[in-house]
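Student: Assemble the whole structure, with the sequences as input and the hints as a guide.
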Amino acid sequence: MRLACLLFGPVLFAAEVTRIWDAAPHNAFTDLTYFKGRFICAFREARRHVSTDGKLRVLASKDGKKWQSLALLEDPKADLRDPKLTVTPKGELMLTSAAAYRERDNQSPVPHDSIAYFSKDGVQWSAPVKIGDPNFWLWRANWHKDKAYMIGYETMSRNGVTRLYQSNDGRTFQTVVPALHTENYTNESSIQFL
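Going by the numbering used here, the sequence shown opens with residue 1, and the numbers climb by one from there.
Because the hints were derived from the structure by calculation, they are not lab data.
These numbers were taken from a predicted model, which means no experiment stands behind them.
Check the hints yourself; a few may be wrong.
[Said to hold, decoys possible] Quick list of simulated restraints, FRET-style, between CB atoms:
# : residue 1 : residue 2 : range
1 : Ala179    : Asp121    : 33 to 43 Å
2 : Thr172    : Pro111    : 16 to 26 Å
3 : Arg47     : Lys90     : 30 to 40 Å
4 : Pro134    : Asp169    : 17 to 27 Å
5 : Ile191    : Pro25     : 28 to 38 Å
6 : Trp143    : Ser69     : 23 to 33 Å
7 : Asp22     : Lys90     : 29 to 39 Å
[To be verified] In silico lysine to any residue, SDA-like type, Cα no more than 25 Å apart, as pairs:
#  : residue 1 : residue 2
8  : Lys77     : Ser51
9  : Lys77     : Tyr101
10 : Lys77     : Ala28
11 : Lys130    : Leu32
12 : Lys65     : Ala24
13 : Lys62     : Phe29
14 : Lys145    : Asp31
15 : Lys130    : His49
16 : Lys90     : Arg171
17 : Lys36     : Lys65
18 : Lys120    : Gln166
19 : Lys55     : His26
20 : Lys62     : Trp125
21 : Lys36     : Gly64
22 : Lys147    : Val129
23 : Lys62     : Tyr101
24 : Lys36     : Glu183
25 : Lys120    : Thr86
26 : Lys36     : Asn142
27 : Lys36     : Ser69
28 : Lys62     : Val17
A virtual CB, placed ideally from N, CA and C, is assigned to each residue, including glycine.
Tutor: Laid out in structure tokens, this is it:
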């Protein structure tokens, strides 16, 4: 896995590209945030891109050069995928992910739950909290005026619906717009606030 630090604005800067972790056969789907004086990076570790053994690794660095592992989040019943990091208004790290369950009927799509973990230090994490509706993958939480917003897409169909969710605490999400988009297969979307 390689980490590229880019700053967007009037000018684009590419600092450098450096491998920060390669302990698993497949290390991918990174996310990065800055929390309490450190860069926090989260990503999925697994055997392959498509496998049932995904775990979420959390690393930290003060300078972006020396990294240490803080945590490895795993679920024996699920493949954890695509972690996303944010900092809540209460100053907690919030890590969201999808849990693709391993045990299923081979004729049906993989059932999913979107989940969130919370931490005050990046080392100790809460138990996973299910967020949103079952079989909707809530992609990335963004906070605006002390409310979290996430866009979720249906996972049981390629012709599914996309929804807009809102939360006051990052743990309980309500559907704000039940059919934000219904055409094609809209996925992996987030809402941003300037």
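Student: Next, verify each hint and record whether it holds.
Tutor: These are the hints, each one checked on the structure:
1. Distance hint check: the CB atoms of Ala179 and Asp121 are about 39 Å apart, consistent with the given range 33 to 43 Å.
2. Restraint check, Thr172 to Pro111: a C-beta distance of roughly 21 Å satisfies the suggested window 16 to 26 Å.
3. Between Arg47 and Lys90 the CB atoms are about 36 Å apart, so this pair conforms to the stated range of 30 to 40 Å.
4. A beta carbon spacing of about 20 Å between Pro134 and Asp169 agrees with the range 17 to 27 Å that was offered as a hint.
5. Here the CB-CB span from Ile191 to Pro25 is close to 34 Å, well matched to the stated 28 to 38 Å.
6. For Trp143 and Ser69, the hinted distance range of 23 to 33 Å is satisfied, since their beta carbons lie about 27 Å from each other.
7. At roughly 34 Å, the beta-carbon separation of Asp22 and Lys90 lies within the given 29 to 39 Å, and the hint holds.
8. For the given pair, Lys77 sits about 13 Å from Ser51 by alpha-carbon distance, which is consistent with the 25 Å threshold.
9. For a cut-off of 25 Å, the pair hint linking Lys77 to Tyr101 stands: about 6 Å separates their Cα positions.
10. Restraint check: the Cα-Cα separation between Lys77 and Ala28 comes to about 20 Å, which is no more than 25 Å; the hinted pair holds.
11. Between Lys130 and Leu32, the direct Cα distance comes to roughly 22 Å. Compliance with the 25 Å bound is thereby established for this hinted pair.
12. In summary, the hint linking Lys65 to Ala24 is supported, as the alpha carbons are separated by about 20 Å, within the 25 Å threshold.
13. Our distance criterion of 25 Å between C-alpha atoms is met by Lys62 and Phe29, whose separation comes to about 21 Å.
14. Only pairs whose Cα atoms come within 25 Å are accepted, and Lys145 paired with Asp31 is accepted, the gap being roughly 23 Å.
15. Between Lys130 and His49 the CA atoms are separated by roughly 24 Å; this keeps the pair inside 25 Å, and the hint holds.
16. Simply put, Lys90 and Arg171 have alpha-carbon atoms about 13 Å apart, close enough for the 25 Å limit, and the pair holds.
17. Using a Cα cut-off of 25 Å, the hinted pair Lys36 and Lys65 holds, with the two alpha carbons roughly 17 Å apart.
18. Between Lys120 and Gln166 the CA atoms are separated by roughly 22 Å; this keeps the pair inside 25 Å, and the hint holds.
19. Note on Lys55 and His26: the hinted pairing holds, with a Cα-Cα distance of about 11 Å set against a maximum of 25 Å.
20. Only pairs whose Cα atoms come within 25 Å are accepted, and Lys62 paired with Trp125 is accepted, the gap being roughly 20 Å.
21. Annotation: proposed proximity of Lys36 to Gly64 holds, straight-line Cα distance about 14 Å (limit 25 Å).
22. Our distance criterion of 25 Å between C-alpha atoms is met by Lys147 and Val129, whose separation comes to about 17 Å.
23. At most 25 Å may separate the alpha-carbon atoms for a hinted pair to count; Lys62 and Tyr101 exceed this at roughly 35 Å.
24. For a cut-off of 25 Å, the pair hint linking Lys36 to Glu183 is broken: about 41 Å separates their Cα positions.
25. Using a Cα cut-off of 25 Å, the hinted pair Lys120 and Thr86 holds, with the two alpha carbons roughly 12 Å apart.
26. Among the hinted pairs, Lys36 with Asn142 is consistent with the structure: their alpha-carbon atoms are about 18 Å apart, no more than 25 Å.
27. Restraint check: the Cα-Cα separation between Lys36 and Ser69 comes to about 16 Å, which is no more than 25 Å; the hinted pair holds.
28. Between Lys62 and Val17 the alpha-carbon distance is near 17 Å, which keeps this suggested pair within the 25 Å criterion.
Comparing the model with each numbered hint stated earlier shows that hints 23, 24 do not hold.
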